[in-house]
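Asker: Sequence:
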Amino acid sequence: MFVIKNYVTTGGTVVCALAIGYLMQNGIPAGSNDSRDLEVVSTTPSAVVPGLEEIVLTSSTPAPATDQITSSTKRTLKPSRSTPSDRAECVLSARARAVPGAAARLIVKAPCHGNERIEVHHSGLTVTQETDANGTLDLTIPALSEYAIFLISLDDQKGTVATTHIPDIGQYSRVALQWQGETELQIHALEFGASYGDAGHVSAGSGTQGAGSVVHLAQSTFHDARNVEVYSFLAAQSHQSGSIALTVEAEVTEANCGQDLSVQSLELQYDRSLRSRDLTLSFPDCSRTGEFLVLNNLLQDLTIAAN
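The numbering of the sequence shown is this note's numbering, which starts it at 22 and goes up by one.
By construction, these hints were calculated from the structure, which means they are not laboratory data. Be careful, since some hints might not be right.
[Stated by the list, open to error] When the alpha-carbon atoms are kept at most 20 Å apart in a straight line, the in silico EDC-like pairs for lysine to aspartate or glutamate are as follows: (1) 130 with 176; (2) 130 with 153; (3) 130 with 159; (4) 130 with 151.
Whenever a hint applies, use it, and build me the whole structure from the sequences.
Answerer: Have a look at this one:
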């Protein structure tokens, strides 16, 4: 029913240089190669990330303020955007801080980008979100590295970076699934032999309950949004041994029938290593529209040891 191609396994912790390279290759919209002056605004001297305009490097601890701003050629903002008389009011900033569950709370402030598309990149994951009317994004995202780096990009090529330390990440086993487009993929975890509908069946939908949890991050406003689902299990405090079966459900719709869908999974091992797999799913023809398909071999089951 589905064809899985291009199986790739990689390992290792994603470091800052790779994260920035990933953003430069994938996070910048098409057409960004035209010759323009760049403006860099930084909370620390000489903190410049190549390839993005108006980079602001931030962290969970506010950096010392700076009075110097490098000037650039004047741009005309779209009429739909607010145009404060003081240019400083448009400065893009972000802060990240660790929260329970080996996650990070990310707060982005983009005063001149209300109700606009914004993308967050972290350790190989990319998720599309939308700012509110004030240009603010408040997002909690499961982390995939102890020293978490979040790169934030806007459609006008402005960007910023936020970092934080995730002290409890070593206690969790975690699997993430990401894809792009209108298809909805759902992770279902069956913990220690549980069946669908039983205690121990965990998904992002209501009515499921278990030791683990699933977080769904998507933005239906944009048809080409990048979507993420993450299953997390607190392995360090488990009193049970056994396996957690992971399946993925997908509905055949008019948007995906007869088409291929690129999917990537990332698995955070208990030893903090990160493994990724790139796959292509071939959906059946449109005569199957409305059917739900269950993929039992897309994600590798987790093995848990009692503590």
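Asker: Next, verify each hint and record whether it holds.
Answerer: Now the hints, each set against the structure:
no., hint, result
1, 130 with 176, "15 Å, holds"
2, 130 with 153, "10 Å, holds"
3, 130 with 159, "9 Å, holds"
4, 130 with 151, "12 Å, holds"
When each numbered hint is compared with the structure, no violation occurs for any of them.
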